[in-house]
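Protein sequences appear in the order of chains A and B. First residue of the first sequence? That's 1 in my numbering, and the numbers climb one at a time after it. First residue of the second sequence? That's 1 in my numbering, and the numbers climb one at a time after it.
Don't take every hint at face value.
[Unchecked claim] Facing chain A, according to a computed beta carbon distance under 8 Å, are these residues of chain B, among others:
{"hint": "1", "residue": "G18"}
{"hint": "2", "residue": "K29"}
{"hint": "3", "residue": "F73"}
{"hint": "4", "residue": "Y274"}
[As the list claims (entries may be wrong)] Cβ-Cβ distance ranges computed for the label pairs, FRET-style:
{"hint": "5", "chain 1": "A", "residue 1": "Q109", "chain 2": "B", "residue 2": "E77", "range": "50 to 56 Å"}
{"hint": "6", "chain 1": "B", "residue 1": "A119", "chain 2": "A", "residue 2": "R39", "range": "55 to 61 Å"}
{"hint": "7", "chain 1": "B", "residue 1": "K29", "chain 2": "A", "residue 2": "Y144", "range": "51 to 57 Å"}
Note that these hints are calculated values from the structure, not bench results. Heads up, the beta-carbon is just placed ideally off N, CA and C, and yes, glycines get one too.
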Amino acid sequence: RNKADDDLEMTMVCHRPEGLDQLEAQTNFSKRELQVLYRGFKNECPSGVVNEDTFKQIYSQFFPHGDASTYAHYLFNAFDTGHTGSIKFEDFVTALSILLRGSVTEKLQWTFNLYDINRDGYINKEEMTDIVRAIYDMMGKYTYPVLKTDAPKQHVDAFFQKMDKNKDGVVTLDEFLLSCQEDENIMRSLQLFENVI
Amino acid sequence: MAAGVATWLPFARAAAVGWLPLAKKTMPKPPVDNSSRSDEILYLNVSGVRFQTWKNTLDRYPDTLLGSSEKEFFFNEDTEEYFFDRDHEMFRHILNFYRTGKLHYPRHECIQAFDEELAFYGIVPEIIGDCCMEEYRDRKKENQERLAEDTEANEVMDAPLPPDSTPRERLWRAFENPHTSTMALVFYYVTGFFIAVSVIANVVETVPCRPPEGRVKDLPCGEKYQLAFFCMDTACVLIFTFEYLMRLFAAPSRCKFMRSVMSVIDVVAIMPYYIGLVMPENEDVSGAFVTLRVFRVFRIFKFSRHSQGLRILGYTLKSCASELGFLLFSLTMAIIIFATVMFYAEKGTKGSTFTSIPASFWYTIVTMTTLGYGDMVPNTIAGKIFGSICSLSGVLVIALPVPVIVSNFSRIYHQNQRADKRRAQQKVRLARIRMAKKGTTNAFLQYKEDRALGDRDSDSTALCVKNRSAFEHQHHHLLHCLEKTTNHEFTDELTYSELCMTESVGFRTSRSTSLSSQQGAQNNPTGCCPRRARRRAAMRLANSTASVSRGSVQELDTLHVKTTSIPPQTRSSLNAQADDLKLNCGEQDFTAAIISIPTPPANTPDESLPPSPAPIPGILRNTRATAYTHETVKISSL
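Excised from the complex, chain A in its bound form (with noise of 0.2 Å):
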């Protein structure tokens, strides 16, 4: 879809959000945190929908140094569940309330979906590769030490000797939420982000 058609949906239509009872039984959230959520949504967006353009130019400002765009799409398409091509506050706040509010296990596999970029239930290493690279970016040009250009793939065949058990090449979810389980550091730090909000 090109841009024009976006805007001028954009500036037609205008999302409203189910009720604030229902999003508080759907989510993790209290009924003020979703109040304060979606003032600053609104905000941002008064049309209710954010495209996938201004996620990634609001996902880009907290990066400047890098190019965080290609992280931003997997991340847009993370969020869109039901792939309209825009996240509307419902998105936003079922995303949120499983990464800041959810169990181990919900956020695991909310990455794992996140990694599984054609959503076929398997993590290749190319979609693997596609990712670190997208982080990488992220990162910029200027580092310490200095980024190689084989240390997303090298990166990426760490990850695989950690997650694939099997030895099959590709990662399922089980082997996945597996080796996360196992792994001491992912369990400490998954419980850093739940102050967030």
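Chain A is already provided as a structure; the job is to place chain B on it using the hints.
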């Protein structure tokens, strides 16, 4: 980062969960956020108009007044709101900035008022949104130009002469500003007259006069009355040379002066005469000499010192240099093209006047500027066609840059008019303001009289006392303390001018009104109370170990300054401004009572010549601590 981005930060942080399985190292601990997470509504009361907003909204910009803890200073516990004693209409815009992230400039507001509000709230004007930025910049530049014009004009026009300026400096000033002294004015008019005479003589000497007896042919007057014209020319050149040499001597920077346009014109105007004197009377060089005489017409440019309009024109041409350049360039191009075309079109015709391309230039120019002399005319059909195209395009090419030049001239001319008008009005305004203030400043003297009376008669004091507000009481008490401190008293203009006139330079102490005009020979040989002498004396006082000697102190300063007291109810009531009037004795109206408080320039009325250093000596005598700056006289306004 924009405000809105702050609201997305939690989301970005949440999305970081996606990196965790890939991370090689452990994540760092997140920052602890102790602030109360629940959002609350804040009440902002601005001059009675209540605004309400979320605390989060204000927190978006933590480096401004409202976003930082600075606003706690304005918190009113009784009403549980933040109270700001500022303009509520402008506050609206400020608050909208927090809400939307964009700052807009309201066009109907004064630019300075808006700037002050921004400064108060700690907002940098650079973040004004693009929609309003251009307007803001334009208005600001215009305002600054206006202020610069004002101060420049004030300095130039009203600045009294420094007393110990060398004769050279004074001479320069007289040349640059003929209105400052009568001698300069006389000289100015004399030179103007002689320029006119010289130009007229140049013109008249070529007019044919009746031949003397014995000759038939008409003679130009120059040759008939050769001696007369020669004498006139000599006189003029002498005057011009004298003037030029004087200017050269007086110029602060000789090299710069010699390079300036006026000086070049001066030289060019007088050179031919001297060259003519020097040159021998033979045939070959006299031809060249005749050419040189043409340069005498440059004397007419000397008039530009006398006429502002001429200067403006010159300035306009200079500022439109690029447009003029463009005009010239495009004309040249067109001329060459059309001349070539016309030449080749007319080549075949017998007896054609278009003998070469350069010869056709003349035709092209005459046609393009729609002059059409008719001395060169195309005969062929092709020639006529191209000739008509040439004249049409000429009109266009010339019409294009002209509006730009005209608008430039108009702008500069109006600016000048405005400046002149303002200067004229300024004097009237200042005079009126002074009169209004005189009333209030005399209040102190009245107070003193009453006290003097009151010592004897308590009843009348009581009466007088009732008529004054508490503020005035305290103010006057303060002035009284100052008098006691410096052991001098305030007085009024008449008494002072009397004293001044009876003493020129000398040491005299009169206890009664304690006006010892003490400046004395040490500081000020030239006259009674010039400003710079005071200042320098003050500096010397500051630097030296001035004891509290009654003698050699410039307490005259205490007299020279006026309170520019706007009626005490206003915030700037104690902005006294030392008006540094030229104090040729007994001349100006100055009244006593100084209180000079540092005021931001915006608050001061227009008498804002640099605030006098005057009070400082008095205070310095006792404190010796105050550094000498313009605005640091600090007698606080209670």
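Quick rundown of the hints versus the structure:
1. A distance limit of 8 Å between C-beta atoms decides the matter here; for G18(B) the minimum to chain A is near 5 Å, and the interface restraint holds.
2. Of the supplied interface hints, the one on K29(B) holds, with its beta-carbon coming within about 7 Å of a beta-carbon of chain A, less than 8 Å.
3. For the restraint placing F73(B) at the interface with chain A, the shortest Cβ-Cβ distance is roughly 27 Å, beyond the 8 Å limit, so the hint is violated.
4. The criterion of a C-beta within 8 Å of any C-beta in chain A is not met by Y274(B), whose closest approach is roughly 71 Å, and the hint is violated.
5. In this structure, Q109(A) and E77(B) meet the distance hint of 50 to 56 Å, their C-beta atoms being roughly 51 Å apart.
6. Range check, A119(B) to R39(A): Cβ separation about 30 Å, and the 55 to 61 Å hint is violated.
7. At about 22 Å, the beta-carbon gap between K29(B) and Y144(A) misses the expected band of 51 to 57 Å.
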